[in-house]
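J.: Residue-level listing of the chains:
Number of protein chains: 2
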Amino acid sequence: MSQTPDSAVRTYIEQHSSAFLEDLAEWLRIPSVSAQPDHAPDVRRSADWLAAELRETGFPTAEVWETAGAPAVYAEWPSDDPEAPTVLVYGHHDVQPAAREDGWDSEPFEPVVRDNRLYARGAADDKGQVFFHTLGVRAHLAATGRTTPAVSLKLLIEGEEESGSPHFRALVEEHAGRLAADAVIVSDTGMWSEDTPTVCTGMRGLAECEIHFFGPDQDIHSGSFGGAVPNPATAAARLVAALHDEHARVAVPGFYDGVVELTDRERELFAELPFDEREWLRTAKSYAARGEAGHTTLERIWARPTAEVNGIGGGYQGPGSKTIIPSSAMVKLSFRMVAGQDPAHIEKVVRDWVATQVPAGIRHEITFGAATRPCLTPLDHPALQSVVRAMGRAFGKPVRFTREGGSGPAADLQEVLDAPVLFLGISVPSDGWHAPNEKVELDLLLKGVETTAYLWGDLARTWRHAP
Amino acid sequence: MSQTPDSAVRTYIEQHSSAFLEDLAEWLRIPSVSAQPDHAPDVRRSADWLAAELRETGFPTAEVWETAGAPAVYAEWPSDDPEAPTVLVYGHHDVQPAAREDGWDSEPFEPVVRDNRLYARGAADDKGQVFFHTLGVRAHLAATGRTTPAVSLKLLIEGEEESGSPHFRALVEEHAGRLAADAVIVSDTGMWSEDTPTVCTGMRGLAECEIHFFGPDQDIHSGSFGGAVPNPATAAARLVAALHDEHARVAVPGFYDGVVELTDRERELFAELPFDEREWLRTAKSYAARGEAGHTTLERIWARPTAEVNGIGGGYQGPGSKTIIPSSAMVKLSFRMVAGQDPAHIEKVVRDWVATQVPAGIRHEITFGAATRPCLTPLDHPALQSVVRAMGRAFGKPVRFTREGGSGPAADLQEVLDAPVLFLGISVPSDGWHAPNEKVELDLLLKGVETTAYLWGDLARTWRHAP
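Protein chains in written order, with my numbering: chain Y, 1 to 467; chain A, 1 to 467.
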């Protein structure tokens, strides 16, 4: 009985999945939280660990690249086919903050498998999705009998994605020569569901700011002074309250400047997806679907810009009460941008608007983190079809199109490297990104491995490098 | 050379002030924070310490009284004059929370004297003001040659004032017989300034609530879900923002029901005080005087009801950013009431209003602490003149009238004991009640001692007990 390439890939994956999962668990044990300075050594340890793992996988080159912040990992494995296209895979090895007491059922940095799911911070976002490329390329080689990949493979795995990738663009610019690629594959997104494999065609951008409001020089007695001086917590609350109008549109003047509106065809494609709002609400662990008037939930999360308060704090938050006017308050806001919006413009209009909202007697300070641009893959790009085919083979189902509400530095790669960006993600909405009990479905993780095992050959067959 | 009673009092105080201050410092070292459960043993220690100190002072009876919460201290020293009036002094031995990192220049529970000021949590609110009664009664006896006070003296020093006195009314009702008095002297207020001694004629009441807002069952990714589900931090902010209308009036329907408005004469009396708004702002450590339209600053803090947010919190408040829609948020609100307002009514109208403000998809829980009623001393009460005279002798200056924006359980004493309530406080606005670097001016503290040394004789001379 002759073995088809697909079954050869599957057999190889089956034989190596245990070791693959053990290695992934080892990586997940490193709490590479880029947002928290005391985890900086862990982020570095994570980079070193990954570089060693990639060398062990077979990449002839695997280096830790320094940035002004956390280190990235770069690896390359050239094809012996001189006309093979070059593909750059993007992912990140840093993770969101996580603590057991946030509501985790097990330690966030002590991976455990329950019900065929691997629970750990970073299991889906993004270590798991970076990691399927390691076994994927080996399955590709094993099944095809090649000694080098059918495409020239490059990996760039950054260490500051969860902190807004503040040094990523500089890193890409610095190494633009070595990073040069015919296409970028981003593995840091999700798909529709376990049953509906999809390819993402765009990501929202992200601009974040933190605003501090300063009132009295210290907390003062709310009986002695209450009602007669401005309260910075009230100022913070009023700013947040003013962020949206009565139609849940962002009320910052100029915020929607340049927004690429959805076409009727795109709205139809969204509407064709098997979307069950009740089910989606369960995934969102939320109790109402509400948002910008005139748009569906999918439009709101994929194709509409938003403003959210991620954190607010001021005054006494401990047990019991403390009758004070607090000295200060703060809010953390994030803005999701869609194609056509410019981060610098958003920062400007937000700064201008905030300045008009803060009452007399309250001083404010606003700081923006590094922004992430929105991006959109051309639906008619030929390489997109390779991804769709590879995924279709792995999943045995038709592949549909989605977008991603989250953000990543894909647009920087597109811009600096002048290469199209494609998205290959196998995470599902219930994976709990940024939340307690983040997990990855083991079956999907292995479908990710399988997809990449097919992808490189498909790309090399259908898309030649134009030297 | 014959010694006048005043100079006898002063001499006695001078001779004993060192020991007096050392004893007070010992008491201030006990962190009797009633709002924090882990300080419950300290609150008890504070009560035991005070009872022992009062026995040492000469009170034949000094007991620790249990409540369902923190213990109070009761002491009595009957006069040998059967027609002497009975005076009940009220104060509290618990203090606000305090931590060095809140902005204290020294440890809050390690009293230090700098520039003739004693810095410690509770120095002014209220241990210092309770304590001047101890040396005061001894100076009264020493200067008059009496062996018992000219009035029958009772002290009730509660242990839960900073937690809203939840068990105070029950305590007063339980012991109403032993507490019976012809007048109540409350030593838990302030005076205008070091140069302008004043007697307070009313306190605002206080109702406090904490509202929790629940959105998603856990923090969720603001990219994946942002813009499509309600955010509980936004709901909390919108509630706080809606608390006041554009005239800075409290926007809760029914909130102003029953408010006793100021008469023109009262507004004139307020306006006659040497009020310097710039100076007041320095004391308030604030940068703008703003509040309810149509009222002066003094009216706003003394005679107008208010709503303040004392604390707000939700989502990620740590370093860096976390792009989440938080699972929950909370606000702590306090409402100051003036004469004519009923705490039960305030609770009802606030609960009703909050329920109308919370959006679909957000669940809320609201809890009210025990309320403190507002109270107002009749301006024409004869005993008020004794206080004014005693204070005038101690300060050598005319005594004016103020009100107090803060709150205390004086109204419960008035109601249960059917006795007029008078206020004798020597704290000044810069003392930093509830704030870091709380202090008491040593000169004023000793004027407080001196005032009480004169007060008991004046009261006994001018106001006889009607058996």
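Simulated from the structure, these hints should not be mistaken for lab results. Please read these numbers as outputs of a predicted model, since none were measured by experiment. Hints should not be assumed to be uniformly reliable.
Claimed, not checked - Straight-line Cα separation of at most 20 Å, EDC-like style, residue types lysine to aspartate or glutamate; simulated pairs:
{"hint": "1", "chain 1": "A", "residue 1": "Lys397", "chain 2": "A", "residue 2": "Glu210"}
{"hint": "2", "chain 1": "A", "residue 1": "Lys348", "chain 2": "A", "residue 2": "Asp443"}
{"hint": "3", "chain 1": "Y", "residue 1": "Lys397", "chain 2": "Y", "residue 2": "Asp217"}
{"hint": "4", "chain 1": "A", "residue 1": "Lys285", "chain 2": "Y", "residue 2": "Asp217"}
{"hint": "5", "chain 1": "A", "residue 1": "Lys397", "chain 2": "A", "residue 2": "Glu365"}
{"hint": "6", "chain 1": "A", "residue 1": "Lys285", "chain 2": "Y", "residue 2": "Glu365"}
{"hint": "7", "chain 1": "Y", "residue 1": "Lys397", "chain 2": "Y", "residue 2": "Glu299"}
{"hint": "8", "chain 1": "Y", "residue 1": "Lys285", "chain 2": "Y", "residue 2": "Glu272"}
{"hint": "9", "chain 1": "A", "residue 1": "Lys397", "chain 2": "A", "residue 2": "Asp458"}
{"hint": "10", "chain 1": "Y", "residue 1": "Lys285", "chain 2": "A", "residue 2": "Asp443"}
{"hint": "11", "chain 1": "A", "residue 1": "Lys285", "chain 2": "A", "residue 2": "Asp443"}
{"hint": "12", "chain 1": "Y", "residue 1": "Lys285", "chain 2": "A", "residue 2": "Asp458"}
Unchecked claim - Partial list, computed: chain A residues near chain Y (C-beta under 8 Å):
{"hint": "13", "residue": "Pro37"}
{"hint": "14", "residue": "Ala40"}
{"hint": "15", "residue": "Val112"}
{"hint": "16", "residue": "Leu141"}
{"hint": "17", "residue": "Gly227"}
{"hint": "18", "residue": "Ala289"}
{"hint": "19", "residue": "Gly311"}
Note that beta-carbon positions come from the ideal geometry of N, C-alpha and C, so glycine has one too.
J.: Work down the list of hints and note, for each, if the structure agrees.
T.: Hint-by-hint comparison with the structure:
no.	hint	in the structure
1	A:Lys397 <-> A:Glu210	44 Å, violated
2	A:Lys348 <-> A:Asp443	45 Å, violated
3	Y:Lys397 <-> Y:Asp217	63 Å, violated
4	A:Lys285 <-> Y:Asp217	5 Å, holds
5	A:Lys397 <-> A:Glu365	52 Å, violated
6	A:Lys285 <-> Y:Glu365	19 Å, holds
7	Y:Lys397 <-> Y:Glu299	24 Å, violated
8	Y:Lys285 <-> Y:Glu272	23 Å, violated
9	A:Lys397 <-> A:Asp458	17 Å, holds
10	Y:Lys285 <-> A:Asp443	61 Å, violated
11	A:Lys285 <-> A:Asp443	23 Å, violated
12	Y:Lys285 <-> A:Asp458	70 Å, violated
13	Pro37	7 Å, holds
14	Ala40	12 Å, violated
15	Val112	18 Å, violated
16	Leu141	34 Å, violated
17	Gly227	3 Å, holds
18	Ala289	6 Å, holds
19	Gly311	4 Å, holds
Comparing the model with each numbered hint stated earlier shows that hints 1, 2, 3, 5, 7, 8, 10, 11, 12, 14, 15 and 16 do not hold.
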